[in-house]
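**Student:** As a plain string of letters, each chain reads:
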Amino acid sequence: MEPLSIVVCIKQVPDSWAEKSLRPADHRLDRDAADAVLNELDEYAVEEALRIKESRDGETTVTVLSMGPDRTAETLRKALSMGADAAVHLVDPALEGTDAVGTSYALARALGTMPHDLVIMGSESTDARMSVLPAMLAEQLGEAQLTFARKVDLDASTVTVERLTTDGYATVRAELPAVLSVVEKINEPRYPSFKGIMAAKKKPFTTLSLADVGADPAQLGLTGAGTRVLEATPRPARSAGEITDDDGTGGTRLAAFLAAHSFA
Amino acid sequence: MSQVLVLVDHREGVVSKGTLELLTKARELGEAAAVFCGPGVDTARPALAEYGAATIYVASDPAMDQHPVGPTVAVLAALVAEHSPVAVLVLATAEGREVAGRLAVRLGSGVITDAVGLDVDLVCDQQVFGGSTLVRSQVTRGVPVITVRPNSWPAQPSPVTPAELAVEVAPAPADTLATVVDRVRETGGDRPDLADATVVVSGGRGLGGPDGFTLLEGLADRLGAAVGASRAATDAGWYPHANQVGQTGRTVSPQLYVAVGISGAIQHRAGMQTSKTIVAVNKDREAPIFELADFGVVGDLFTVVPQLLEELDKRSG
Ligand SMILES: Cc1cc2nc3c(=O)[nH]c(=O)nc-3n(C[C@H](O)[C@H](O)[C@H](O)COP(=O)(O)OP(=O)(O)OC[C@H]3O[C@@H](n4cnc5c(N)ncnc54)[C@H](O)[C@@H]3O)c2cc1C
Ligand SMILES: Nc1ncnc2c1ncn2[C@@H]1O[C@H](COP(=O)(O)O)[C@@H](O)[C@H]1O
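If you read the sequences in order, they're chains V and S. According to this note's numbering, the residues represented by the first sequence are 1 to 264, in order. According to this note's numbering, the residues represented by the second sequence are 265 to 581, in order.
Keep in mind that the hints were calculated from the coordinates and are not lab data. It is possible that some hints are incorrect.
[Unchecked claim] Computed list of chain S residues with no C-beta within reach of chain V, every gap over 12 Å:
#	residue
1	Gln390
2	Thr425
3	Thr515
4	Val545
[To be verified] Here are the simulated distance ranges between beta carbons:
#	chain 1	residue 1	chain 2	residue 2	range
5	V	Tyr191	S	Asp306	51 to 59 Å
6	V	Pro236	S	Asp499	31 to 39 Å
7	S	Trp417	V	Thr171	31 to 39 Å
Idealized CB from N, CA, C, for every residue including glycine.
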């Protein structure tokens, strides 16, 4: 079988259980305030890459790629300890404040320096929650977009996915190279083993700057962003509701609540 | 007057309510122009006319349906180049966001996703971090591409007789690399779509099986609601995946959300926590869903829901 290069794009995000807030000075996410973790859906992306590798006879390499500040290296290490073969970290002071279009551009430039037959991503990051990067990256690369996959089949050079749609699913097919995004139904991610954690320390880890990938800094960072936040205000917390034990009239009282609010 | 392009979200020509909301807003910002891709424009025409689409651009090439996202982006990009619209508005469905994202890259524009408000200066309101923060932002480069959540403002009719123009689709080679070989529809029937519904009734593991969902459908029909489900319920096969509400399912923001036998995990909350009024039935007082609920009943759903139905019947006399 032909060798296959898989690149998994992963993102470090604030722990989703932690309170998130925007820095008052520049309306940007206060990333230092919360614990940072591997974006949950990206674990599924890494797992899917590892499963593809394990199911193939031919030579397969799984490289994880992430763009983010210095401490993103921890998250790349976590993916290595799950079993990825190599890590690439795109980090540059000029990246601070980059928006989604800029991120897709920078990742595309980085991918331009790496062999890749298949790019696998999560379908959404828990902090940005835009769900746009996989499609944007396919656009930047001019490669096939196979997103929101709950099932992936690779047969020689053809990939077939079941794409979730608003009323069911579609079976979508393309020739490699392709950009995939996965939803959580696709698999159950493994935990890093002790052996995996030890092995991760010796795996190739490459750090790239914007100059290394030939990306134009003018298109990146806050100045390159195509959108601007004018204002960010905390909204009053939801006022505590009325929670009552069912004393035998719970359904009746619920009906009264709905009627009082004109829903019934 | 400059045009505002609205990508029509439809199912074989049946136009979603969210699209009518976008047309309503487009009329405030300029001249509303609907962009209709795929088959079914005859079905769609009356609704688009009633909600004030002065122009309907129609791209009915079979490529529109055979390849996801790419050809739609090609149509919008061509229309933007030709007409320099004020903005492009797209409904914030999973596919709508993808169209918007790719279009922004192709045009070199900025993109804003999930707007819940939009003023005449194209300043967008977004609710981030589960609705805890309100952000006002603006596109600063190129023709603004904006995705808008359904139910963000009411749709108001303003009938016109639209001019209709056929659009030749010229997808770039990269737009047709992925091909749809089969489509399976798992939802249907007469209930409203999750995105359109003003009331959503959702069930979780607590329903215990498909029979629980029959009970829930009874409640939904009584309230004119769409039916949603938690991942636990869709994974168990009790209800179609397409009805999943949450991070990897649908995001809904109805007037009323009724959560029955759902614990309220963070991934579920991600899809419903901006609902206006939230009601929950759960036998566990500690369930996190109660943190969001305006009204909650701690009790067994198999007694609470039938009693609720009975009482609703009584009230309607
Ligand atoms: C990457 C990722 C993405 C995910 N995306 C989603 C998503 O999009 N949507 C989603 O919903 N989940 C999602 N999940 C799963 C989520 O974490 C939860 O596991 C899921 O929401 C739980 O569903 P549930 O509330 O129905 O089940 P449970 O958490 O098991 O809760 C069942 C509830 O029913 C109550 N109950 C039981 N019997 C009764 C009774 N007779 N009467 C009243 N109450 C009763 C129980 O007290 C309990 O609170 C995702 C998870 C991951 C990791
Ligand atoms: N900075 C980043 N570096 C690498 N991959 C990323 C980055 N940001 C987002 N992604 C990928 O894009 C997916 C969708 O993210 P988003 O569009 O932000 O919701 C994530 O699940 C990741 O796979």
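**Student:** Find the hints from earlier in the document that the structure breaks and name them by number, from lowest to highest.
**Tutor:** Hint check: 1, 3, 4 fail, others pass.
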